[in-house]
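Participant: Each chain is listed here by its residues.
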Amino acid sequence: MSEEDLKDRRERLRCDVRDNPEYREQYANSVLTENVSTQVQALRRQRGLTQEDLARKIGTKQPRISNIETPPEGDDPPNWEVATLNRIAHALGTRLKITFETYGSLVEELGSVSSDSLRRAEPENDPVLSPRPEAPGPDRNAPERTQWMQMLMVPWLWEEKLDIGRLTAWLNGRGLPPVGRDEEPYHWLLRGIAIPDAKAREFLERRLAERLAIVLGEEPDVHPLVEGDAEEFLVNLYWTCVGLTRPSFLAEQLWQAYKRLRITRPSGAVRDALGAAMVQNQFGETKPLKEIWEPMIEKGRHPWLRGNEVVGFEGILARHRTVKPDIEKIFWALGRISQRWDGTPEEQTEFSRLIRKVPALDEYSVARKLIDSAYAMPGGWSEWATKLLPTFHTKEGNDGSLEIRVNFGGATVFARWPAGGSAETSYRGAGSAREEARERWGAPGRPNLRVLLNALLTSLGNSETASEIERKIAHTLLLGRLVGPSEGNAPEDATTLIAATLVRTMERRLTV
Amino acid sequence: MNREIWEFLAGGSRRVMRAWIDKERISARERAKLDASLERLRTLDFALVSKKLMAGPLKGTKVYKLRLRCENRELRPMLCRGPVGSPLDYTLLEGAIEVGRQLRPPDAEQRADENRVMLIERPQWREIY
Chain A
10 MSEEDLKDRR
20 ERLRCDVRDN
30 PEYREQYANS
40 VLTENVSTQV
50 QALRRQRGLT
60 QEDLARKIGT
70 KQPRISNIET
80 PPEGDDPPNW
90 EVATLNRIAH
100 ALGTRLKITF
110 ETYGSLVEEL
120 GSVSSDSLRR
130 AEPENDPVLS
140 PRPEAPGPDR
150 NAPERTQWMQ
160 MLMVPWLWEE
170 KLDIGRLTAW
180 LNGRGLPPVG
190 RDEEPYHWLL
200 RGIAIPDAKA
210 REFLERRLAE
220 RLAIVLGEEP
230 DVHPLVEGDA
240 EEFLVNLYWT
250 CVGLTRPSFL
260 AEQLWQAYKR
270 LRITRPSGAV
280 RDALGAAMVQ
290 NQFGETKPLK
300 EIWEPMIEKG
310 RHPWLRGNEV
320 VGFEGILARH
330 RTVKPDIEKI
340 FWALGRISQR
350 WDGTPEEQTE
360 FSRLIRKVPA
370 LDEYSVARKL
380 IDSAYAMPGG
390 WSEWATKLLP
400 TFHTKEGNDG
410 SLEIRVNFGG
420 ATVFARWPAG
430 GSAETSYRGA
440 GSAREEARER
450 WGAPGRPNLR
460 VLLNALLTSL
470 GNSETASEIE
480 RKIAHTLLLG
490 RLVGPSEGNA
500 PEDATTLIAA
510 TLVRTMERRL
520 TV
Chain B
1321 MNREIWEFLA
1331 GGSRRVMRAW
1341 IDKERISARE
1351 RAKLDASLER
1361 LRTLDFALVS
1371 KKLMAGPLKG
1381 TKVYKLRLRC
1391 ENRELRPMLC
1401 RGPVGSPLDY
1411 TLLEGAIEVG
1421 RQLRPPDAEQ
1431 RADENRVMLI
1441 ERPQWREIY
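Protein sequences appear in the order of chains A and B. When we follow the numbering used here, the leftmost residue of the first sequence carries the number 10, and every step to the right adds one. When we follow the numbering used here, the leftmost residue of the second sequence carries the number 1321, and every step to the right adds one.
Any given hint could turn out to be false.
[Stated by the list, open to error] Quick list of in silico lysine-lysine cross-link-like pairs, DSS-like style, CA-CA up to 25 Å: (1) 1371(B) x 66(A); (2) 208(A) x 170(A); (3) 1372(B) x 70(A); (4) 66(A) x 333(A); (5) 66(A) x 1372(B); (6) 70(A) x 1371(B); (7) 1382(B) x 268(A); (8) 268(A) x 1379(B); (9) 308(A) x 366(A); (10) 268(A) x 299(A); (11) 333(A) x 378(A); (12) 106(A) x 66(A); (13) 106(A) x 1372(B); (14) 1372(B) x 268(A); (15) 296(A) x 1371(B); (16) 1371(B) x 170(A).
Hints listed in this document are in silico derivations from the structure and should not be mistaken for laboratory results. Quantities reported herein were computed from a predicted structural model and do not represent experimental measurements.
With these hints in hand, go ahead and build the complete structure from the sequences.
Facilitator: Here it is, written out as structure tokens:
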């Protein structure tokens, strides 16, 4: 927009406002309505809030916020209550200011309202209340080209102005470190904000998400913003969203893109990137669940997105983590997958991997529910799947002897300590009748659970197959600790203690 | 992020919107509403205005219509994004009025779409609105 054009428009508006009372009243009404409704929307998005979030903050329902952001046509000016607007202002970390202005100010303000001018700093970032820190420098330990990218991106994100021109150029592969085509642009965008200062990085991530949301809002999927390969641009845009995981900023726009694109046939790369972006940035509690994740699990595919039961499971896991805690839905998904699959060795391996992804499985209640859901009738797991669930048994003899037995996938690990003898450990592989790697630990003495436990762990650590077994056992025990002393007579708290110790120890080993 | 608002020139010379405003006797109030809406399109992100001010794209086209309810009729100027030059700009393609769910002219959507295609072929057939 040139200065000359703006000058012309100002002059025309000046004449209309001066000469025509009807025009100026209506123009003022329209400006008032649009300024308020648009600023509520702009600030809500700046804060990364959904309409539901904002409604909750002011004690109302989402349609009320929707009604303010998109007033009914012709309701001009709308019947907004000042008290409601004031509550919204506070919820958004701002104050409401109502002033009476001259009509001439309409002319002065022409061209001054923009997406930038509607944004307001939160109190903690308000430069009047506290001086803004300098933009952080690049990560000096990062590779040179990453530092180069950070020096471009950090100051750009630190600025208040929402200049998305540079972002679209980067997404289009321009202005990036000179590396040719060996790295995708989204890698550089994500590296460009990976600075060590966690607080600053959080700020940069939010800022980038906000600007990505603006780019998504321009609907580049139907209206290319760049010359050249529009699909490549989309792929990079969506993968950047995957890397950020900021559903409050990105989810709605990604969902809208999905709705627009699903009647078209973009490349698999675009669909994969959008699908992954929607896994990490889910719009609402039910929409992606009902339209994408559940169909993927029930049918093993989706009519538009590429992906099978595993992708559907990942979607449900991410929903639990980012949108709505819903462990029951995760258990439902495991049950349905076990029923759909035949239990081939590959499927068993994959299913075990899925079990390990269940969040908080080392918590008693979660593991208990998992086991209950596996054996539930109806709706439980297929038999082949239940066999993947480990069992953990302890036995304390009347003479003080101790035995720990862990069964998983047909294999068994034993740790025994007979009364008056020494601790010993052994392993029996799946399909084998012979116990292997029998080892004795220490001098004869009074059986002690902790010592026996340590013997078991050390034995595993020494064995050639330790790594694989350790992993299996670690996983096994997360579940097994909760199976309880079904065959033994050790007090339950002792069983739990043993298992918990095992788990902690194994976790440390795995971490190392 | 400012954008230009362009106006299609029918036959390369006739400003479709100015002609429509004259023909339909667009009142001062109606024109004020139109001007305020176009100002928002000019200065705000698409996501902030698209649902509020526009409907579309109309089925099978890349044409949107502005939503401006006035006292006894609704103004429905047709426009599109681009379609030439900066992808952020808009071009007003055809004026239209809606009364009782009937468009006037009845083929306004089709005309707008044709004008858009014409403009892609002849990018010089537009001027700043």
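Participant: Now look at each hint and say whether the structure bears it out.
Facilitator: Results for each hint:
1. Between residue 1371(B) and residue 66(A) the alpha-carbon distance is near 24 Å, which keeps this suggested pair within the 25 Å criterion.
2. Restraint check for residue 208(A) and residue 170(A): the C-alpha separation of about 21 Å stays at or below 25 Å, so the hint holds.
3. Annotation: proposed proximity of residue 1372(B) to residue 70(A) holds, straight-line Cα distance about 20 Å (limit 25 Å).
4. A hinted pair counts as satisfied when its Cα atoms are at most 25 Å apart, and residue 66(A) with residue 333(A) qualifies at roughly 18 Å.
5. Note on residue 66(A) and residue 1372(B): the hinted pairing holds, with a Cα-Cα distance of about 23 Å set against a maximum of 25 Å.
6. A C-alpha spacing of about 20 Å is found between residue 70(A) and residue 1371(B), which places the hinted pair at or below 25 Å, so the restraint holds.
7. Using a Cα cut-off of 25 Å, the hinted pair residue 1382(B) and residue 268(A) holds, with the two alpha carbons roughly 16 Å apart.
8. Taking the CA atoms of residue 268(A) and residue 1379(B), the gap is about 15 Å. The hint holds against a cut of 25 Å.
9. With a C-alpha separation of about 21 Å, the suggested pairing of residue 308(A) with residue 366(A) holds against the 25 Å cut-off.
10. Of the pairs offered as hints, the one joining residue 268(A) and residue 299(A) holds, with about 14 Å between alpha carbons and a cut-off of 25 Å not exceeded.
11. With a C-alpha separation of about 18 Å, the suggested pairing of residue 333(A) with residue 378(A) holds against the 25 Å cut-off.
12. Between residue 106(A) and residue 66(A), the direct Cα distance comes to roughly 20 Å. Compliance with the 25 Å bound is thereby established for this hinted pair.
13. For the hint linking residue 106(A) to residue 1372(B), the alpha-carbon distance of about 23 Å falls within 25 Å, and the restraint holds.
14. Pair hint residue 1372(B) plus residue 268(A) holds up; C-alpha atoms about 19 Å apart against a cutoff of 25 Å.
15. The straight-line distance between the Cα atoms of residue 296(A) and residue 1371(B) is roughly 20 Å, inside the 25 Å bound, and the hint therefore holds.
16. Between residue 1371(B) and residue 170(A), the direct Cα distance comes to roughly 24 Å. Compliance with the 25 Å bound is thereby established for this hinted pair.
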